[in-house]
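Novice: Going down the list, the protein sequences come from chains P and H.
Numbering follows our numbering, with no gaps: position 85 of the first sequence is 89.
Numbering follows our numbering, with no gaps: position 43 of the second sequence is 168.
In short, the hints are calculated from the structure, not lab data.
Model, not experiment: these values are computed from the prediction.
Virtual Cβ for every residue (Gly too), placed ideally from N, Cα, C.
Hints should not be assumed to be uniformly reliable.
Mimicking DMTMM-like on lysine to aspartate or glutamate, the simulated pairs with C-alpha atoms at most 25 Å apart in a straight line are [claimed, not checked]:
| no. | chain 1 | residue 1 | chain 2 | residue 2 |
| --- | --- | --- | --- | --- |
| 1 | P | Lys69 | H | Asp142 |
| 2 | P | Lys75 | P | Glu57 |
| 3 | H | Lys224 | P | Asp60 |
| 4 | P | Lys61 | P | Glu5 |
| 5 | H | Lys183 | P | Glu83 |
| 6 | H | Lys196 | P | Glu83 |
| 7 | P | Lys21 | P | Glu34 |
| 8 | P | Lys61 | P | Glu83 |
| 9 | H | Lys236 | H | Asp152 |
| 10 | H | Lys167 | P | Glu5 |
| 11 | H | Lys193 | H | Asp152 |
| 12 | P | Lys73 | P | Glu34 |
| 13 | H | Lys224 | H | Asp142 |
| 14 | P | Lys61 | H | Glu127 |
| 15 | P | Lys61 | H | Asp142 |
| 16 | H | Lys162 | P | Glu83 |
In silico negatives: residues of chain P with every beta carbon more than 12 Å from chain H [claimed, not checked]:
| no. | residue |
| --- | --- |
| 17 | Leu15 |
| 18 | Arg48 |
| 19 | Leu92 |
| 20 | Val118 |
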Amino acid sequence: EAQVTQNPRYLITVTGKKLTVTCSQNMNHEYMSWYRQDPGLGLRQIYYSMNVEVTDKGDVPEGYKVSRKEKRNFPLILESPSPNQTSLYFCASSPQGALNTEAFFGQGTRLTVV
Amino acid sequence: GENVEQHPSTLSVQEGDSAVIKCTYSDSASNYFPWYKQELGKGPQLIIDIRSNVGEKKDQRIAVTLNKTAKHFSLHITETQPEDSAVYFCAASDTGGFKTIFGAGTRLFVKA
Numbered sequence: 005e006a007q008v009t010q011n012p013r014y015l016i017t018v019t020g021k022k023l024t025v026t027c028s029q030n031m032n033h034e035y036m037s038w039y040r041q042d043p044g045l046g047l048r049q050i051y052y053s054m055n056v057e058v059t060d061k062g063d064v065p066e067g068y069k070v071s072r073k074e075k076r077n078f079p080l081i082l083e084s085p086s087p088n089q090t091s092l093y094f095c096a097s098s099p100q101g102a103l104n105t106e107a108f109f110g111q112g113t114r115l116t117v118v
Numbered sequence: 126g127e128n129v130e131q132h133p134s135t136l137s138v139q140e141g142d143s144a145v146i147k148c149t150y151s152d153s154a155s156n157y158f159p160w161y162k163q164e165l166g167k168g169p170q171l172i173i174d175i176r177s178n179v180g181e182k183k184d185q186r187i188a189v190t191l192n193k194t195a196k197h198f199s200l201h202i203t204e205t206q207p208e209d210s211a212v213y214f215c216a217a218s219d220t221g222g223f224k225t226i227f228g229a230g231t232r233l234f235v236k237a
C-alpha cells in the first residue's frame with residue numbers, strides 16, 4: 005500500500021531533550037516536506053527536500069533540523085525542544101519536485117514538550 | 126511574506142445545502158492551488174486542485190474556481206452530506222512547486 009509513515013504518533017518529552025520524528029514513504033517520491041499544524045494557523049512548512057542531500061528552509065525552520073540521506077526517509081530533528089514546539093506535525097511527499105502535484109500526507113505526530 | 130487567507134473559519138450547513146469556502150493569496154507567482162480535506166485524527170488528503178491556466182474545475186459534487194486577476198479561489202460543495210464534515214485547507218504553491226502556503230482552515234459541519 006502506498007503511504008507515508010510517521011513515527012511516533014504521539015510523543016511527550018521534556019524541554020531540551022533531543023528527539024527525532026521519522027518519516028518514510030514507499031512511493032519513490034523525490035519531494036518531501038515537514039509541516040506543523042497549530043489552531044488558527046493552518047499548516048506551516050518547516051523544511052522541504054527536493055531530492056537526496058538537497059534540503060531547504062520553509063517558513064518556520066527555527067529550532068528544527070532535517071536530513072535526506074536516502075530517498076525514502078526524511079527525519080525531523082529537534083535538538084533542544086521547547087514548549088513552543090508543542091504541535092501536530094505532518095510529513096508529506098510528492099512525486100515530482102519541479103512540478104506542482106498532489107502531496108501525500110502521513111498520519112501526523114502529536115508532540116507535547118513540557 | 127506570502128500568505129493565504131481563508132474564510133470562513135467555521136461553516137455550518139444543513140444536509141443537502143451548498144457550502145462555499147473562499148481563499149485569497151498574495152504571491153502573484155503562485156500557479157497551483159490544491160484543496161485538502163482533513164478528517165479527525167488523519168492527515169490532509171487532496172480533494173481537488175486547479176492550475177493557473179484554468180478558471181474552473183469540477184469533480185462530481187466538488188468544484189473550484191480561480192480568479193487570477195483578483196488572486197482568489199473558492200471551493201464549492203453541492204448537495205452536502207454528513208461525511209463532508211471535516212476541516213478543509215486551501216493552499217497556493219510557487220512557480221517551482223517547492224514552497225506551499227496553506228490557509229488557516231475551515232471547519233465544516235454538515236447537519237443531518
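Novice: Under the constraints set out in the numbered hints, which ones does this structure not fulfil?
Specialist: The structure conflicts with hints 1, 4, 5, 6, 7, 9, 13, 15, 16, 18 and 19, although it agrees with all the remaining ones.
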